[in-house]
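**Q** Take a look at the letters that make up each chain.
Number of protein chains: 2
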Amino acid sequence: MREVAIIGVGIIPFGRRDEDSLMDMLAYASLKALDDAGLGEAERPVDAVYVGNMGSGIIQHQTAIASSLVDRLSLLPAAAETVENGPASGGSAVKNGLLAVASGYYDTVLVVGGEKMREVTGWRATDFVATMTHPQSEYPYGITLPGLAGMFTRLYMEKYGVTREHLVYVALKNQAMGTLNPYAHVEMALSREGIFESPHAIVNNPPIADPLHLYDACPVSDGAAALVLCPLEMLKKVNKLPVVIAGFGQATDTHTLQEREDPTDLKAVTLAARQAFERAKLKPSDIHVAELHDAFTILEIAESEHIGFFKKGEGGKAVAAGKTSLGGQIPINMSGGLKARGHPVGATGVAQIVDIVFQLRHELSKERQVKNAKNGLTINFGGFGNNVLVFILRRVES
Amino acid sequence: MREVAIIGVGIIPFGRRDEDSLMDMLAYASLKALDDAGLGEAERPVDAVYVGNMGSGIIQHQTAIASSLVDRLSLLPAAAETVENGPASGGSAVKNGLLAVASGYYDTVLVVGGEKMREVTGWRATDFVATMTHPQSEYPYGITLPGLAGMFTRLYMEKYGVTREHLVYVALKNQAMGTLNPYAHVEMALSREGIFESPHAIVNNPPIADPLHLYDACPVSDGAAALVLCPLEMLKKVNKLPVVIAGFGQATDTHTLQEREDPTDLKAVTLAARQAFERAKLKPSDIHVAELHDAFTILEIAESEHIGFFKKGEGGKAVAAGKTSLGGQIPINMSGGLKARGHPVGATGVAQIVDIVFQLRHELSKERQVKNAKNGLTINFGGFGNNVLVFILRRVES
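These protein sequence lines are chains A and U, in that order. Heads up: the first sequence begins at 1 in the working numbering, then just goes up one per residue. Heads up: the second sequence begins at 1 in the working numbering, then just goes up one per residue.
The shape of chain A in the complex, shown without the other chains (with noise of 0.2 Å):
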């Protein structure tokens, strides 16, 4: 199998994007991701494009949006396909992409994800997202992707002493890092008097599905991003220094959360996560910096003890003492995650990857950078937990 390289990325901004159809802004990110790649101008740019997408069919009501987008970008013979695999079919696109290049039958390969998720909203937008809870054993009773969250906190709490205030440091450090992020969608920074302290706490920051309150969650956005993907050996139009995709791992678990022995271990994480080290030749101490899937603030708590960054017990106190900001021992979100950059289903597994491809070419701003990074992560997780990617890139040295 071929090792495969990431020589182009594009990211728009997330957030409401009410002008913009859902072909327009995969659109916008394919262009730079192409541009990125030196590849804007080429008569045959790329040989075959995946598009990761949960929702076109019932948001949009639309499908075949791989076959729409390859003719809007004119990028017209190349094979095409929507990959969905819920809130992780960015990570899924990926993943078939990343194939593609190392079978050898494809060269060069544009996956983007993207997600209009904002045409629905209220109600609708938590039923459109509990569309991938069990058909017979979840949907019908009402259970939603909040509602699922709030359970596991609470189960995780009390097994593992993870505090509400270990949640509060999650959503400060990232909503902060939202803030110096030009992609994100939340733009505000938070205060912890303001949603955790002060009187008034309880009303700016409202339960939502306890023990998780309104800045536990991720916004509903609007968004996409883009990689191009082609093996290293055949690097040569390239202006920047490659990224290289070391190692991925996916694996699933039992699709509800009720039928876990224990319902507090992400067992499809530790799984994908053992792939993808083993396929990478690394161990979790090696990585500079990561993008965990916190839609809700526990799961990045969760994650990252699973990923194996700190022990069961260990990952709410690590954040609250720092260890994963900038400068700490293993900064995560340093794009603000879910929970400040959005999102947008579909685009998420593919948005992490971008963000880690800007850190490992050492591109970000000096207060969004983690020096010298190396080696990154990103887990995408579909599903509550059913179905995850994991993905490891490693900056290749000239």
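Derived by calculation from the structure, the hints in this document are not laboratory data. Warning: the hint list may mix true and false statements.
As the list makes no split between identical chains, a pair holds if one copy fits it or if it spans any two.
Claimed, not checked - When the alpha-carbon atoms are kept at most 25 Å apart in a straight line, the in silico SDA-like pairs for lysine to any residue are as follows: (1) Lys-311 <-> Pro-13; (2) Lys-281 <-> Arg-2; (3) Lys-281 <-> Asp-47; (4) Lys-374 <-> His-288; (5) Lys-371 <-> Leu-180; (6) Lys-267 <-> Arg-44; (7) Lys-317 <-> Gly-15; (8) Lys-281 <-> Met-1.
With chain A held as given, fit chain U onto it using these hints.
**A** Frame of chain A, contents of chain U only:
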């Protein structure tokens, strides 16, 4: 890249399956394929699962079905995702399963395609299929797939002399073959008199999109089909002669028919076929049996020309002369095709390959079996020819 073998196939009867959910159908076909591969009792039968499906979000209001299926089949922690490419979703799922094995990342891969379309009936079924049309320049104007096919047929008739009688020959052949296929939706044979010659033919077989009549179109069906893939070099537990995927091709064309320089020229079919033949090191005359994408009778004729079985303008006459019947020059759609087996969109690309595997293993009844068939071909046609996959399969003699 590793050569990839198909070591197991499974298909369930297509048609009205009101008592089965989409998940039930995917599971039944998958279990049949796993059993056929001799992996039904294996502890870790597959490493990865690809689900071909177009409409679960729209029709079933359900996403992340691949995660749900893996759990249902007790295949955890296998990797899994859904691949969507309109009516070529099945073919795209097979392609990605193939690349996954060819890449060396996964050894045993289950590919299953399925669709439960009869939950939407009447105009809603036509509308569901129309979600693959262009969201700005087609869908809002009310064009449907039968409408596009009707216009294409008129142009093809004018340019190449195809007649309604030629179309009737396709319908008669395929529906007759369908009555011999236990997995086909349509169980009734048609008569030339009943649908074409008698004074009542206009009642039995009314126009649906002139010049196409009712029996020129495939039915709306429920169904599922599955394959198990592994590297040819790893064959051990296989009871049956394996079939290898000798080549595949995929190409896209303009999303809308109207933008093509010559709308009768199905460029994506020509290009995808060229790639497949090059990879397989075969030519059209080496193929012994083919499953073409006859969602409308005209497509079987047009594809048989574009793929190189017949010259342009000869396809219609070839059908009339019996050249595409059993015992003819190149038997086409000995399963009954989409026309008679049915066209549950996500299932079709997989079902075509399943039937070719039956042919290449020489397992069919003598009324359907092409004698000594060694090489077979499928065309899975997405959109109106905007995303086409071609597979060439070869029987491996021991």
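**Q** Now tell me if each hint is right for this structure.
**A** Verification of the supplied hints:
| no. | hint | result |
| --- | --- | --- |
| 1 | Lys-311 <-> Pro-13 | neither (35 Å within a copy, 52 Å between copies) |
| 2 | Lys-281 <-> Arg-2 | both (16 Å within a copy, 23 Å between copies) |
| 3 | Lys-281 <-> Asp-47 | between (30 Å within a copy, 21 Å between copies) |
| 4 | Lys-374 <-> His-288 | within (7 Å within a copy, 54 Å between copies) |
| 5 | Lys-371 <-> Leu-180 | within (16 Å within a copy, 69 Å between copies) |
| 6 | Lys-267 <-> Arg-44 | between (42 Å within a copy, 17 Å between copies) |
| 7 | Lys-317 <-> Gly-15 | neither (31 Å within a copy, 58 Å between copies) |
| 8 | Lys-281 <-> Met-1 | both (16 Å within a copy, 23 Å between copies) |
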